[in-house]
Amino acid sequence: MMSNITDLKLVELVDKIKKKELSSSEVTVAFIERSKKSKKLNAYISENYENAIKKAKIFDQKPDFKKKLPGIPIAVKDLFCTKNIRTTAGSKILENFVPTYESTVTQNILDEGGIIIGKLNCDEFAMGSSNETSYFGNVQNPVSENLVPGGSSGGSSSAIAAKLTPATIGTDTGGSIRQPASFTGTVGLKPTYGSCSRYGIVAFASSLDQAGPMTHDVKDCSLMLEIISTYDTKDSTSVDFKRENYLTNLNENIKGKKIGIPKEYRVDGMPKEIDELWEKGIKIIKENGGQIIEISLPNTNYALPTYYIVAPAEASSNLARYDGVKYGFRSKGENLIDMYEKTRSEGFGDEVKRRIMIGTYVLSSGYYDAYYLKAQKVRRLIKNDFDEAYKKVDAILTPSTPSSAFKIGEKLNDPVSMYLNDIFTVPINLAGLPAISIPAGHDKKGYPLGLQVIGKAFDEQSILNIAFALEKNISFKNNITDWWIK
Amino acid sequence: MTIDLKTVKHISKLSRISIDDNKAKKLGKDLNSIFSFIEKLNELDTKNTEPLTSIAETTLKLRKDEIKSENIREDILKNSPDKNKDFFVVPKVIE
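So the sequences go chain by chain: B and A. If you read the first sequence in my numbering, its first letter stands for residue 1, the second for the next number, and so on. If you read the second sequence in my numbering, its first letter stands for residue 1001, the second for the next number, and so on.
Simulated from the structure, these hints should not be mistaken for laboratory data. Note that CB positions come from ideal geometry on N, CA and C, so glycine has one too. Treat the hints loosely; a few may be bogus.
[Said to hold, decoys possible] Derived DEER-like restraints, expressed as beta-carbon distance ranges: (1) B:ASP64 - A:GLU1039: 53 to 59 Å; (2) A:LEU1005 - B:GLU346: 18 to 24 Å; (3) A:ILE1076 - B:GLU252: 46 to 52 Å; (4) A:ASN1022 - B:LYS445: 34 to 40 Å; (5) A:GLU1074 - B:ASN245: 35 to 41 Å; (6) B:LYS40 - A:ASP1021: 35 to 41 Å; (7) A:VAL1093 - B:ASN413: 33 to 39 Å; (8) B:ILE293 - A:ASN1022: 49 to 55 Å; (9) B:ASP240 - A:ASN1042: 35 to 41 Å; (10) A:ASP1021 - B:SER365: 23 to 29 Å.
Turn these sequences into a full structure, and let the hints guide you.
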């Protein structure tokens, strides 16, 4: 019985708890036991097991079945501030930071009856595409040993694929939910900018960051989005729009939907399997009454260079607060400046330092116009491309990534090749749009590959429905063997 | 464009991150490869394009000036770097 619980999906678990077939304690203990056996994956940074079991017992004594997550255990990316639970952002500089307040997104989970069982590994300050920049070490992809789980939400993708948590949340600044979802054969959604509150999320690039669900399937994803997407006055960029009951409204009818295929996403050197996967997606949409329309997003090639100006610039500014003065790690220095410089040199890892320096440079006197202002202008062109496309189509279908997961260490010494991972996901953040990645097949190595559905701003329901139709027709099976459990 | 060692050192100073010569050399190499990739943007004519500063085209809302969280003194003091029950103690940062 115990081993079966973790095989259940989120919506199934909610249903069983509501029908009193399972208790919150049984479910919570099952996921914790499996997490304990899965230390080899290194998915967790902090565990909250004892406390979670206590909370589950309290829930069972007085269960409230009207909640959307009735006593459901959930592990979250360690970028969300959780009251009285250490929050590190994968960095040495925050190694001992214990927030005294709760992020809005995790508060929403708690308010619906969810129980936090732990904090999941991620690239340091969410800067990375392979979880290799974390101060707390590499994370294993449950698909195969020594394979990266993607990043930056790598602990989250590993934990959901390995069934250590029935659902999780990550954050996505340039692909950090969708790329790891694609690498692990799971579902990941980046909502429209302004849909989920950024309050209490350790900031990386504020004009791009969004929280979003990572789950086993589209149904679970819809439920999680319903819970975490709320209007919040504590985030000045939170948007007060009418949020749907995404799960109730979920349906696979895509008749008459116009789906755009951007020709610029056919990049040189892309593996044949990814092209075939894309064709498979196109075929399914046609067979289900959707209409395929060729579109052009002419500035696609400029998205990545734009991102690598805008994101580091915002990061250099956001990370200025880590100076060793008020909280976090502090190094000893001969004087104040020396203390700042040593604290930041010892407290940050190489990738974070690299990005702070890129950001500082592009914002510095004499270079601001040539780099930062230029990038903001190109960002406008990229957004205009999508605006034009959406005059003709309801949504856009592309691959999620240009390759499947790679080996740990393989791309560590070549930052540009690492950055190219995000070529299909970055434009969406720049334009602030919603996009979902769903597992759609395997390459010849047996590693999962994903398809991405991009929507109009605030039209999460349409991309969930299209993804739901694709999911039903693809019937993807993740062939994970539990190799890490002896 | 190339970023020389002197520039790397200057950026590290501005970033308040100390680096030794070896690191600076390696970083210089990385920055050069990243910036040669960024230079691609110069292919585009953006003379008549307005910069996009924020994707959320909302105007900032005003709220009432009222206290929302009370009695959080103890909570705040929990993160004070020096243990002192009454004050948030930090190193001297102004002369």
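Verification of the supplied hints:
{"no.": "1", "hint": "B:ASP64 - A:GLU1039: 53 to 59 Å", "in the structure": "holds, 58 Å"}
{"no.": "2", "hint": "A:LEU1005 - B:GLU346: 18 to 24 Å", "in the structure": "holds, 22 Å"}
{"no.": "3", "hint": "A:ILE1076 - B:GLU252: 46 to 52 Å", "in the structure": "holds, 50 Å"}
{"no.": "4", "hint": "A:ASN1022 - B:LYS445: 34 to 40 Å", "in the structure": "holds, 37 Å"}
{"no.": "5", "hint": "A:GLU1074 - B:ASN245: 35 to 41 Å", "in the structure": "holds, 40 Å"}
{"no.": "6", "hint": "B:LYS40 - A:ASP1021: 35 to 41 Å", "in the structure": "holds, 39 Å"}
{"no.": "7", "hint": "A:VAL1093 - B:ASN413: 33 to 39 Å", "in the structure": "holds, 38 Å"}
{"no.": "8", "hint": "B:ILE293 - A:ASN1022: 49 to 55 Å", "in the structure": "holds, 54 Å"}
{"no.": "9", "hint": "B:ASP240 - A:ASN1042: 35 to 41 Å", "in the structure": "holds, 40 Å"}
{"no.": "10", "hint": "A:ASP1021 - B:SER365: 23 to 29 Å", "in the structure": "holds, 25 Å"}
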